[in-house]
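J.: Please take these sequences and the hints and turn them into a complete structure.
2 protein chains.
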Amino acid sequence: MNIGLIGNRGHLEYVFDGLNRRPLVKLAAIASGSDEVEAAGLLAYCQMEGHEPQLFSDYRQLLDDAGIDLVCIAGPFELHTPMCLEAFARGMHVFCEKPVSITLAELADLKAGFQASGRVQLSAMMGLRYDPAFYTAWELVRNGAIGEVRLLNAQKSYKLGWRPAYYRQRQTYGGTIPWVGSHAIDWIYWFSQAPFETVRASQSRLANRGNDSLEVSALCQFKLAGEIQASVSIDYLRPETAPTHGDDRLRVAGTAGVVEVRQGKVLLIQEAGAGEQEIQPRCERQVFSDFIDQVEGRQAALLSADDVFTVTEACLLAQLSADEEREMVFQVNTPGPTSLLTGRNRRARPGEKPSGSGG
Amino acid sequence: MNIGLIGNRGHLEYVFDGLNRRPLVKLAAIASGSDEVEAAGLLAYCQMEGHEPQLFSDYRQLLDDAGIDLVCIAGPFELHTPMCLEAFARGMHVFCEKPVSITLAELADLKAGFQASGRVQLSAMMGLRYDPAFYTAWELVRNGAIGEVRLLNAQKSYKLGWRPAYYRQRQTYGGTIPWVGSHAIDWIYWFSQAPFETVRASQSRLANRGNDSLEVSALCQFKLAGEIQASVSIDYLRPETAPTHGDDRLRVAGTAGVVEVRQGKVLLIQEAGAGEQEIQPRCERQVFSDFIDQVEGRQAALLSADDVFTVTEACLLAQLSADEEREMVFQVNTPGPTSLLTGRNRRARPGEKPSGSGG
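Sequences listed follow chains A and B, in order. Using my numbering, read the first sequence as starting at 621 and increasing by one per residue. Using my numbering, read the second sequence as starting at 621 and increasing by one per residue.
No lab work stands behind these hints: they were computed from the structure. Be aware that a few hints might be false.
Put simply, identical chains are the same to the list, so a pair is met inside one copy or across any two.
Listed below are the simulated SDA-like cross-link pairs for lysine to any residue, each with C-alpha atoms no more than 20 angstroms apart in a straight line [what the hints assert, rightly or not]:
hint	residue 1	residue 2
1	Lys646	Leu780
2	Lys885	Ala862
3	Lys779	Ala894
4	Lys885	Thr756
5	Lys779	Ala876
6	Lys779	Glu896
7	Lys885	Glu898
8	Lys646	Phe636
9	Lys885	Glu896
Treat the numbers as computed from the prediction; the structure is a model and nothing was measured.
T.: Rendered as structure tokens:
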């Protein structure tokens with residue numbers, strides 16, 4: 621399989637780590653998506669990682685001429701949706717930096733384009749599902765270790781540091797709730813497996829150290845089906861002196877126990893257990909390699925296209941709630957891509973080979 | 621000073637611990653507030669703690685005849701407000717279990733009665749302000765260790781265990797947000813020192829193990845003045861096998877650092893520091909002894925009557941938000957007790973001797 625890569629504003633390490641596991645997949649072509657400086661940086665990055673792709677000056681030309689089956693997209697953020705749509709229109713699978721859309725209008729276009737495109741596959745760079753601690757906690761919950769999920773508290777706290785100019789405007793950044801919070805909102809959906817019902821969020825730009833419209837702090841409060849409640853705390857207030865860039869946390873309280881991820885550790889207390897235990901974090905899977913497995917029909921990835929759409933919508937509705945200072949209600953009973961598209965959006969079954977997986 | 625004690629449904633250990641520090645204060649009289657069984661239990665408890673109070677069968681008779689200056693009130697919860705009002709009407713100081721009111725109508729009556737009563741003092745059993753870890757964290761914040769407060773996340777998680785019948789009905793219990801959450805909501809107000817502006821809360825009774833209307837999980841999201849944001853997570857989902865009854869936590873993120881209380885530890889990361897440090901928790905003060913100091917004019921307690929009213933209102937508005945599933949706005953510019961009452965509700969200054977402190 622030949623793949624292409626557009627943009628240098630995201631978590632490209634996911635792509636390179638995945639390629640290291642897949643010697644038969646070739647990074648054939650790249651394009652910057654923005655300017656020549658970014659293109660040169662992207663090429664240098666690829667070469668450093670041991671790849672010799674062809675550099676295209678225009679990403680559409682790459683899609684037309686590079687002979688690729690799958691494209692990875694990583695910015696500019698405001699072009700994610702147009703780039704995905706260009707790829708879908710050519711029948712290509714897409715592995716896109718999150719959020720795949722930075723407005724609800726874009727997201728609607730993206731869904732429509734995906735539905736119209738045939739049997740392409742879509743995934744997003746939700747790499748934290750594959751973080752050993754979060755994956756291990758999720759497996760515990762999925763295997764019933766805490767009973768039924770009742771309450772989730774998620775935290776994303778980052779160092780602000782120095783950031784490029786595109787972080788400073790909503791049009792190019794997308795906002796802190798979708799950019800930083802998407803991981804936390806994804807955990808909530810992934811762990812609870814319940815539809816979102818309502819969200820009330822708030823955010824503040826105060827103390828953003830000259831970063832124009834960048835929001836420094838945000839809170840989201842979700843209600844999910846079955847009276848499941850979830851809170852998300854997001855900030856760029858982590859001091860530069862902290863030992864790690866991010867302070868990612870998740871606490872999931874269920875009817876028979878509580879599991880927690882904190883400082884890379886997995887902590888479990890079970891009703892039927894013997895006090896708090898620390899569980900060894902472990903995840904053999906890798907986000908991009910997993911997506912290639914799905915595209916090639918071997919096994920479903922952890923993240924489905926439906927998940928991408930649902931979590932992106934949750935992020936953008938949360939942000940709209942904060943922008944407009946009012947509660948947002950998720951639409952229910954709206955036929956999603958799955959019901960419209962004869963099951964294309966469900967996860968592929970092992971042994972089931974979707975079309976478009978040659979190359 | 622002679623004091624009285626009514627009820628046996630609250631944190632009476634605060635009273636007894638305080639009395640151990642004040643040999644000149646005598647527990648002279650008790651009454652149960654409910655039935656003879658509770659009265660007998662209360663008397664036995666007092667005797668076990670080394671006190672020999674006179675037992676009154678009616679708490680009003682105690683207030684009339686026992687010759688006390690200060691009364692401690694600890695249930696039934698639904699009688700806190702009437703009991704406080706009876707005490708105020710007799711010019712007595714009150715140290716009451718929280719919440720002092722379980723409805724907003726009661727709270728309005730309580731404020732009015734307090735205003736009308738003269739120079740009595742009121743405090744509540746917010747003992748967690750005096751917990752060494754929380755007190756130490758608060759002193760750090762007050763001394764500027766994290767700059768300006770921007771974001772607070774508080775958690776109260778309790779074991780459900782077996783609970784008396786009065787926990788099972790809102791009329792006698794008051795609800796989980798005020799009962800369990802009041803501590804967390806108090807921390808938010810105490811650490812931020814900012815007026816509440818809005819709250820959106822949610823709650824669920826699912827999985828309450830047969831406890832009728834008792835809510836097992838709740839979330840509150842507050843906005844305070846200055847775009848300060850605060851989240852509170854409350855639950856009874858802590859497994860019985862956990863090492864402690866409660867899992868109390870607070871994380872306060874500021875413009876120059878983050879301070880946290882977790883598992884009795886105080887953790888601090890400062891922008892200008894050297895990574896995460898653990899600070900030794902320490903608090904010499906005690907909640908009831910502190911209130912006696914205030915009553916006797918020596919030094920202000922950590923908790924003022926204004927704080928009691930503000931935090932109780934925040935709890936009850938949060939609960940109303942959850943009950944009615946809509947956001948609540950705090951009234952601003954409403955003259956509070958302080959402005960109406962020539963400063964009676966402000967903390968007493970050292971050396972200032974309020975009236976009614978003899979005995």
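J.: Take the hints in turn and mark each one as holding or not.
T.: Structure-based check of all given hints:
{"no.": "1", "hint": "Lys646 <-> Leu780", "result": "neither (35 angstroms within a copy, 56 angstroms between copies)"}
{"no.": "2", "hint": "Lys885 <-> Ala862", "result": "both (17 angstroms within a copy, 17 angstroms between copies)"}
{"no.": "3", "hint": "Lys779 <-> Ala894", "result": "between (37 angstroms within a copy, 15 angstroms between copies)"}
{"no.": "4", "hint": "Lys885 <-> Thr756", "result": "within (10 angstroms within a copy, 26 angstroms between copies)"}
{"no.": "5", "hint": "Lys779 <-> Ala876", "result": "between (35 angstroms within a copy, 11 angstroms between copies)"}
{"no.": "6", "hint": "Lys779 <-> Glu896", "result": "between (30 angstroms within a copy, 14 angstroms between copies)"}
{"no.": "7", "hint": "Lys885 <-> Glu898", "result": "both (7 angstroms within a copy, 19 angstroms between copies)"}
{"no.": "8", "hint": "Lys646 <-> Phe636", "result": "within (11 angstroms within a copy, 74 angstroms between copies)"}
{"no.": "9", "hint": "Lys885 <-> Glu896", "result": "both (12 angstroms within a copy, 17 angstroms between copies)"}
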